[in-house]
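Protein chains: 2
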Amino acid sequence: KPATTAMSLPTIDRDTLDGVLKRRFFFAPAFDIYGGVSGLYDYGPPGCALQANIIDVWRKHFVLEEDMLEVDCTMLTPYEVLKTSGHVDKFADWMCRDPATGEIFRVDHLVEEVLESRLKGDKEARGEAADSVSGTEEKKRKKKVKEIKAVKLDDAVVTEYEEVLAKIDGYSGPELGELMKKYNIVNPATGGPLSEPLEFNLMFETAIGPSGQLKGYLRPETAQGQFLNFNKLLESNNTKMPFASASIGKSFRNEISPRSGLLRVREFLMAEIEHFVDPLNKSHPRFPEVADTGLRLLSNTTQHEGRTEVVEITIGEAVQTGLVDNETLGYFLARIYKFLIKIGVDHNRLRFRQHMRNEMAHYAADCWDAELHTSYGWVECVGCADRSAYDLSVHSNRTNEKLVVRQTLAEPLTVESFEVELDKKKFGPKFKKDGKKIEQFLNSRTQCELEDLAKELSEKLKITFNVEGVDSSVEIEKDIISIEKKTRQEHIREYTPNVIEPSFGIGRILYSLIEHNFWIRPESDQRAVLSFPAVIAPTKVLLVPLSNNEAFEPMVNELSRLLRRAGIPAKIDDSSATIGRRYARNDELGTPFGVTVDFQSVQDRTVTLRERDSTKQVRGTVEEIIASVQRMVGPDAVSWEEGTEGLASFDAAAE
Amino acid sequence: KPATTAMSLPTIDRDTLDGVLKRRFFFAPAFDIYGGVSGLYDYGPPGCALQANIIDVWRKHFVLEEDMLEVDCTMLTPYEVLKTSGHVDKFADWMCRDPATGEIFRVDHLVEEVLESRLKGDKEARGEAADSVSGTEEKKRKKKVKEIKAVKLDDAVVTEYEEVLAKIDGYSGPELGELMKKYNIVNPATGGPLSEPLEFNLMFETAIGPSGQLKGYLRPETAQGQFLNFNKLLESNNTKMPFASASIGKSFRNEISPRSGLLRVREFLMAEIEHFVDPLNKSHPRFPEVADTGLRLLSNTTQHEGRTEVVEITIGEAVQTGLVDNETLGYFLARIYKFLIKIGVDHNRLRFRQHMRNEMAHYAADCWDAELHTSYGWVECVGCADRSAYDLSVHSNRTNEKLVVRQTLAEPLTVESFEVELDKKKFGPKFKKDGKKIEQFLNSRTQCELEDLAKELSEKLKITFNVEGVDSSVEIEKDIISIEKKTRQEHIREYTPNVIEPSFGIGRILYSLIEHNFWIRPESDQRAVLSFPAVIAPTKVLLVPLSNNEAFEPMVNELSRLLRRAGIPAKIDDSSATIGRRYARNDELGTPFGVTVDFQSVQDRTVTLRERDSTKQVRGTVEEIIASVQRMVGPDAVSWEEGTEGLASFDAAAE
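Order-wise, the sequence lines are chains A and B.
Per this note's numbering, the first sequence runs over residues 13 to 667.
Per this note's numbering, the second sequence runs over residues 13 to 667.
Calculated directly from the structure, the hints in this document are not laboratory data.
Being a predicted model, the structure only gives us computed values, none of them experimental.
Hints are supplied without guarantee of correctness; some may be wrong.
[Unchecked claim] Here are the computed lysine to aspartate or glutamate pairs in the DMTMM-like style, where the Cα-Cα straight-line distance is at most 20 Å: (1) B:LYS262 <-> A:GLU217; (2) B:LYS72 <-> B:ASP648; (3) B:LYS227 <-> A:ASP435; (4) A:LYS227 <-> B:ASP44; (5) A:LYS490 <-> A:ASP435; (6) A:LYS583 <-> B:GLU78; (7) A:LYS262 <-> B:ASP648.
[As the list claims (entries may be wrong)] Part of the chain B face toward chain A, derived, beta carbon under 10 Å: (8) PRO22; (9) ASP25; (10) PRO57; (11) LEU226; (12) MET282; (13) ARG410; (14) SER572.
[Stated by the list, open to error] A few chain B residues that don't get close to chain A, going by computed Cβ distances all over 12 Å: (15) LYS102; (16) SER129; (17) ALA137; (18) LYS161; (19) GLU570; (20) ASP586.
Beta carbons are placed, not taken as given, at the ideal position from N, Cα and C, and that holds for glycine.
Could you put the whole structure together from the sequences, leaning on the hints where they help?
Right, here's the structure in full:
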């Protein structure tokens, strides 16, 4: 398997890969025989097992390791909840219509594709090789963006296009509209003009109940369910802070134009963590354990300069220099890194990209995406955001249900604050029916505003202000009101926790992982191999009788039984194909080990064990081989050399 | 834990149970702080772990044990697929409206509730004790059905009501309408009249894509995705038959009036198996392994007689006598039984009820539900139906995609059939433009029809028939047509497989399981215990330091690490509550083992191990205790006596 360097990212023969994925039914378009629905995919047996194994490692790596509280909340969500969270108003993409053909485009994708194709045309005109975009995707894109025209651009225009592309995730809808005008972007297929960008909400809507009157949506993320259950979760944790909840489940986005296979779909599996933390203390007790983990980081500063280089530094240094906002956020970035490496992601095809300032939600303190490089480019696979106290606050305000932590203080806290006192006997008669409104106005002033009013009162011996709903200007004199700084002792501190949210798109990770582990065996017929780590491989062992001679059956069945008892998923391939062909089929499925039963096996209970990547073989008794496999699968798997120590190597005929 | 007998099903103190489930956050109404949405529930940490463990056992028991092909298909489903499957037209319940109040009732439930309350009133009037329906549910029902009036009914009426109730699942909408008229069933709250029964489709509808023109639904079952992928699955199985696919995922039903907690919800987890089998051979190779499994069966004959007694016989006998239609169906009933017992279902609160003839889909050959008894009555938890070739046939017809098995015959089959031959030279000129229609008509005749035509031809020397789209009657004479029986050799047999479908409602199983494992410790303060088998218990071990003295911390953390490495989920409870109170909390969570670290532990590395149900304790070294726990958890768990052999028993102070 060729090593990759940071500088030269490998190119993938995607046609060959797509062939393998289809032939072995890793996944396929859903409702295929009905013509399919774009953005919907079914996972076949190997894809489904791969997904289950990734989830299993995720649960051990995060939920069990850190004692998180896993919950399972409903996907159906009433309008009111998503109105409050902001999704009804803001969870949208910008689209534009071609009024002539009725076609709908996602605006940022359209701008991206048109500029990329112009840059490609420029390279052609200059006689440079275009970036390799392989097979199918190029064909598809060509259909949309028509033939790429070899037109040379001014150097300044090239630089401008490259800068726009580096910042493409940061533009608002109106800004994208400006770009369309500026660069004369039209329907690439017809050349016809397009409408102004319009917002399209990405949530699937439905009605709950027989009356049809309760409007609901399919959730766009699993997070809201965790926020709404905050009080119950805090209680489950014996009211201790900090703690994290976690959830694994499907979410939905009604994408405008799904593309790129599993990378942009309308229904997808997510795994999300909500780590609740004291806003005054975002340190993490286990941070020292991960501080020297080296990460490849792409900061927002670099991006705002229109560049995309990464720096590779330790997370300890990144937090110390303030590049990453706080220890807890840094801790999770390192843990995400370790998880991705464990399941087989290539270090050099993984970077952490910081969100640009205008890309981030207004309440977010900092946000980094783990991006994996694929033949479709860099793909956001894990988001890790500091959502601050936003979600708990808005739900609490809307429902009047307190979502807070009450911390008993070891020493009472002395608090100074400005307080308003009114002489009610004089205040009441003076303001009559307006009194209540004026009192409410005064009580809802901030400390800062009260300080100003106190100053005004001491200087002018009266204060003057306007209150909504009260006709004339209000004037109160010093004999009726006092505004003074007072000192109080507080024994309980009440606060709304901040939330650090690592959010995993399992389908995107799964697909990127497949690309990172895909290679072609250069010898022997260009055979494709998927080199999954044993821990996530769909099947761990292939059992292969030499031929379909009945003599092999009892031993194959015994092996199957013994492996099952050891908890090792195995499959029998007793088809009539040659051993070599059966191993080849299996390399495409990513099965790390093969056990062959031959005539000698029946006589002395020895079998051969084959390793997928090296095709090396060893021979040993049934018991030795099973023990050897057991050492090489699972989370603490040892290497082939270590796992087969003491077993005789075996030279099979060339496959 | 008191044993139950078939005759006296235990009653549950549901108020106490509900208190435990709420306090420990097994599950709770979703969107609780927004007032909730009926029929939607969130699972908290123990409920979520319980669910994950049930799924894990299910996957091992079915998918791995039988080498099934697991798939994961989308929930969003286009209209066309569900139109073909029959769900758009038939997946409905009957509801009726109160035109005065706007209230909506599910008709079968309404009839059931009203007749049950009248029977209860009759019992009161006769001075008999009413059936015990505990706390909350009774209160709720009373609200709906008003006060139960102690009115004596005629003996004949009582018998009639009881017969109707035994058959309640078998009535059509119009029949329910007749019952409403006959028994004068009105709005129980107001006494106002209700509308005729109307059909209400139970699928949630949505629109896919930005144009809003592709109508879709949330799937009502996971089965359709498996049928649509039949060809790919058969290919994955090297075209071998029989085989099964399986799927675990959420499905949705827009219930008219959700009730009974987790038992009738709008979004639920299903696990479904589609076992594809040759319709001519429904034997099962592994049937002998399960033939002597004893099941409690309630046949449709018994139900049609208005009775509900079960017979307890072996599945071998049930298949032999034809009570259960075939071996494969019988095999799955026995495997379902073994699965349910393994996860902790009470044998005496489990019965298999056969569907009545009018309750079953028209295409189904036979259908049995595994029902579990709860404080809400008998609940359908697993359906096991023979769906025949229905689904594959309708999708194949609609899409023109063959969904068949092609079996190479060991010996060619001699097939006799009537075949039509036309003398084209005479036929063409005679019928001109009508020729094609007439030929199509002849080619689409059944063998039976051809036999009749052959007879007519040999008797009358001509045949006469009408063809749609051809104006006059068609007459063909013997010199133009021959219809004769011919003999052919077939080497390939092509057939549409039949499907046996075991379908599990995981939420209903989970809830019933909780009831079956719930009891109150009679001594010591009426403490509630959930006696889950270790294999499904949310947490296996509670780690309890004697107090929050710092001296215990290192050993507690070491135990936690060692257990995690052994793959045994454990929780630390280092709160300041007394040991007894911490054990009590834990009994409510169903944790089977507790390990206590005390002052002696720190000196000699021994700890105590407590068993939840008996509260027995033993003492041993850290290593001994972990090895002991390891023997007692997991699928092949041994008993407490066996698991703790050789360890010293330990007398703790009374809890």
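Original post:
Hey, B:LYS262 versus A:GLU217, does the alpha-carbon distance stay inside 20 Å?
Top reply: holds (18 Å)
Original post:
Between A:LYS227 and B:ASP44, is the straight-line Cα distance small enough, at 20 Å or below?
Top reply: Holds - the C-alpha atoms of B:ASP44 and A:LYS227 are around 17 Å apart, at most 20 Å.
**OP:** Answer holds if the nearest beta-carbon of chain A is closer than 10 Å to that of B:SER572; otherwise answer violated.
**Re:** Check passed: Cβ of B:SER572 comes within 9 Å of chain A, closer than 10 Å.
Original post:
Are the Cα atoms of B:LYS72 and B:ASP648 separated by 20 Å or less?
Top reply: holds (12 Å)
**OP:** Just double-check B:SER129 for me: nearest Cβ-Cβ distance to chain A has to come out over 12 Å.
**Re:** holds (23 Å)
Original post:
Is A:LYS262 close enough to B:ASP648, meaning Cα to Cα at most 20 Å?
Top reply: violated (33 Å)
Original post:
Against chain A, with CB atoms and a cut of 10 Å, does the hint on B:LEU226 hold up?
Top reply: With Cβ-Cβ at 7 Å, under 10 Å, it holds.
Subject >> Restraint satisfaction for B:ARG410 [CB to CB of chain A, less than 10 Å] >> reply: holds (8 Å)
**OP:** Decide, holds or violated, for the assertion that all CB atoms of chain A are farther than 12 Å from the CB of B:ASP586.
**Re:** violated (9 Å)
**OP:** For the pair supplied as a hint, A:LYS490 and A:ASP435, confirm whether the alpha-carbon distance does not exceed 20 Å.
**Re:** holds (10 Å)
Original post:
With a cut-off of 10 Å, does the beta carbon of B:PRO22 approach a beta carbon of chain A closely enough for the hint to hold?
Top reply: violated (29 Å)
Original post:
Holds or violated: A:LYS583 with B:GLU78, Cα cutoff 20 Å?
Top reply: holds (11 Å)
The structure does not agree with the numbered hints 3, 7, 8, 9, 12 and 20 stated previously, though it agrees with the rest.
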